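Residue strings, one per chain:
There are 2 protein chains.
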Amino acid sequence: MFIGAQVSLYPMTSDFVDVILTGLKGLDPYRNDLRIETDDMSTLMVGAPGPLLDAIRDLFAAAARRPEHVTMHVTLSRGCPGEPDDPSCRCETLTRAQHQPLDQRQAEARAAVADAPVTGVGIDVQFSLYVLGQDRHMDEIYGCIDFLKASGTFLRSKNFCTRLRGDAGAVFETVRQAFLRFGPAEGHVTIDLTASANSPSLR
Amino acid sequence: MFIGAQVSLYPMTSDFVDVILTGLKGLDPYRNDLRIETDDMSTLMVGAPGPLLDAIRDLFAAAARRPEHVTMHVTLSRGCPGEPDDPSCRCETLTRAQHQPLDQRQAEARAAVADAPVTGVGIDVQFSLYVLGQDRHMDEIYGCIDFLKASGTFLRSKNFCTRLRGDAGAVFETVRQAFLRFGPAEGHVTIDLTASANSPSLR
Numbered sequence: 001m002f003i004g005a006q007v008s009l010y011p012m013t014s015d016f017v018d019v020i021l022t023g024l025k026g027l028d029p030y031r032n033d034l035r036i037e038t039d040d041m042s043t044l045m046v047g048a049p050g051p052l053l054d055a056i057r058d059l060f061a062a063a064a065r066r067p068e069h070v071t072m073h074v075t076l077s078r079g080c081p082g083e084p085d086d087p088s089c090r091c092e093t094l095t096r097a098q099h100q101p102l103d104q105r106q107a108e109a110r111a112a113v114a115d116a117p118v119t120g121v122g123i124d125v126q127f128s129l130y131v132l133g134q135d136r137h138m139d140e141i142y143g144c145i146d147f148l149k150a151s152g153t154f155l156r157s158k159n160f161c162t163r164l165r166g167d168a169g170a171v172f173e174t175v176r177q178a179f180l181r182f183g184p185a186e187g188h189v190t191i192d193l194t195a196s197a198n199s200p201s202l203r
Numbered sequence: 001m002f003i004g005a006q007v008s009l010y011p012m013t014s015d016f017v018d019v020i021l022t023g024l025k026g027l028d029p030y031r032n033d034l035r036i037e038t039d040d041m042s043t044l045m046v047g048a049p050g051p052l053l054d055a056i057r058d059l060f061a062a063a064a065r066r067p068e069h070v071t072m073h074v075t076l077s078r079g080c081p082g083e084p085d086d087p088s089c090r091c092e093t094l095t096r097a098q099h100q101p102l103d104q105r106q107a108e109a110r111a112a113v114a115d116a117p118v119t120g121v122g123i124d125v126q127f128s129l130y131v132l133g134q135d136r137h138m139d140e141i142y143g144c145i146d147f148l149k150a151s152g153t154f155l156r157s158k159n160f161c162t163r164l165r166g167d168a169g170a171v172f173e174t175v176r177q178a179f180l181r182f183g184p185a186e187g188h189v190t191i192d193l194t195a196s197a198n199s200p201s202l203r
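These protein sequence lines are chains A and B, in that order.
Numbering of the first sequence is given in full-length UniProt numbering, commencing with residue 1 and proceeding in unit increments.
Numbering of the second sequence is given in full-length UniProt numbering, commencing with residue 1 and proceeding in unit increments.
Possibly wrong hints are sitting among the right ones.
Restricting the straight-line Cα-Cα distance to at most 16 Å, the calculated cross-link-like pairs of lysine to aspartate or glutamate (EDC-like) are [claimed, not checked]:
{"hint": "1", "chain 1": "B", "residue 1": "Lys158", "chain 2": "A", "residue 2": "Glu83"}
{"hint": "2", "chain 1": "B", "residue 1": "Lys158", "chain 2": "A", "residue 2": "Asp40"}
{"hint": "3", "chain 1": "B", "residue 1": "Lys25", "chain 2": "B", "residue 2": "Glu37"}
{"hint": "4", "chain 1": "A", "residue 1": "Lys158", "chain 2": "B", "residue 2": "Asp39"}
{"hint": "5", "chain 1": "B", "residue 1": "Lys158", "chain 2": "A", "residue 2": "Asp39"}
{"hint": "6", "chain 1": "B", "residue 1": "Lys158", "chain 2": "B", "residue 2": "Asp146"}
{"hint": "7", "chain 1": "A", "residue 1": "Lys158", "chain 2": "B", "residue 2": "Asp40"}
{"hint": "8", "chain 1": "A", "residue 1": "Lys158", "chain 2": "A", "residue 2": "Asp146"}
{"hint": "9", "chain 1": "A", "residue 1": "Lys158", "chain 2": "B", "residue 2": "Glu83"}
{"hint": "10", "chain 1": "B", "residue 1": "Lys158", "chain 2": "A", "residue 2": "Glu37"}
{"hint": "11", "chain 1": "B", "residue 1": "Lys149", "chain 2": "B", "residue 2": "Asp103"}
{"hint": "12", "chain 1": "A", "residue 1": "Lys158", "chain 2": "B", "residue 2": "Glu37"}
{"hint": "13", "chain 1": "B", "residue 1": "Lys149", "chain 2": "B", "residue 2": "Glu108"}
Simulated from the structure, these hints should not be mistaken for laboratory data.
Source: prediction; values computed, not measured.
Next comes chain A alone, as it looks inside the complex (with noise of 0.2 Å):
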């Protein structure tokens, strides 16, 4: 299983180079659990699941902390069929949620949001799922959606995504479920997601 993102913070203003350094500082305390490489264009972070969204979570918060508007770009994958396997990448819950019927899946997945860290920092989300190689997709994306309404985060859908709202940890704890339990455990699946804060569209 090879597991990663790409990652791209947009600050919308003209110290952008400063709020990016920011919200680097917040990949601190990954950077032993994750492979982090940057080019011109996004940051690959690859590894298991928990430190991953921590991570991306932590940097998108450090950066929002600032009055600047901001947001972030994150291409999710897991188990695609073209990348190496890799032990890093590990996740027990992947592996647990192989044999677990899909109420089960969606109630522990509100389970985890409910017990998600507080950051303090309000963002706004907009994310799309995608399970691929399954001729039954939509099934796990209709299941995934049904948890998503009733996560505490759910803003509204719309259309190719759903809106979340709330606290970034709720939020991004909302997205790990989402990319864990939905889709088979040993398949390919991945996320589109853009996320914002300090909007001005918003005050």
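Put chain B on the given structure of chain A with help from the hints.
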């Protein structure tokens, strides 16, 4: 068939509202052909792939003609089983592609990129193509990657995505061809795309 995109423009400047308004002027010629709705996170565009990708290209090219660093995120989708049929999304290329073998689709895609208009705006793109609801989805992905490598806009492969570089005309034509000619014509295909221009990392 329902075809559309959620599009967000991210100018890395404190004048971001002004850059976004410049970009939006690029959409004006397409307002009769597309349904366009904006909220605080993204702009929904629904319509046939001809005007849809032209509009996305011209939105980004208009913003990128200014000197500021600007990025864009696009979630493209066709054939999502959860969306209603929309006659305005009808696409001759898709209908024809249904009966064509892979090598013919690759050849027509290369020809379309060679014929793309030149905008004079150099851009970088990275994107992922997802073919949903099909057991052998990686065959179409590898077929698409072969086309990308021969497209003239290919820069390199990355984990989870492919980098393109070139004139906005050729780059967005490459994306449109990937979107239309790979994966089943009646199937559910999505693209997760990030574009960048005027990045200080490349200076």
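Hints, one by one, checked against the model:
A distance of roughly 10 Å separates the Cα atoms of lysine 158(B) and glutamate 83(A); the hinted pair therefore holds under the 16 Å criterion. Distance check on the hinted pair: lysine 158(B) and aspartate 40(A) sit about 12 Å apart at the alpha-carbon level, within 16 Å; holds. Between lysine 25(B) and glutamate 37(B), the direct Cα distance comes to roughly 15 Å. Compliance with the 16 Å bound is thereby established for this hinted pair. For the suggested pair lysine 158(A) and aspartate 39(B), the alpha carbons sit about 10 Å apart, so the restraint of at most 16 Å is met.
Of the pairs offered as hints, the one joining lysine 158(B) and aspartate 39(A) holds, with about 10 Å between alpha carbons and a cut-off of 16 Å not exceeded. Restraint check for lysine 158(B) and aspartate 146(B): the C-alpha separation of about 15 Å stays at or below 16 Å, so the hint holds. Straight-line distance between C-alpha atoms of lysine 158(A) and aspartate 40(B) comes to about 12 Å, which keeps the hinted pair within the 16 Å bound. Of the supplied pair hints, the one linking lysine 158(A) and aspartate 146(A) holds, its CA atoms being roughly 15 Å apart against a limit of 16 Å.
Among the hinted pairs, lysine 158(A) with glutamate 83(B) is consistent with the structure: their alpha-carbon atoms are about 10 Å apart, no more than 16 Å. For the suggested pair lysine 158(B) and glutamate 37(A), the alpha carbons sit about 11 Å apart, so the restraint of at most 16 Å is met. Of the supplied pair hints, the one linking lysine 149(B) and aspartate 103(B) holds, its CA atoms being roughly 14 Å apart against a limit of 16 Å. Using a Cα cut-off of 16 Å, the hinted pair lysine 158(A) and glutamate 37(B) holds, with the two alpha carbons roughly 11 Å apart.
For a cut-off of 16 Å, the pair hint linking lysine 149(B) to glutamate 108(B) stands: about 14 Å separates their Cα positions.
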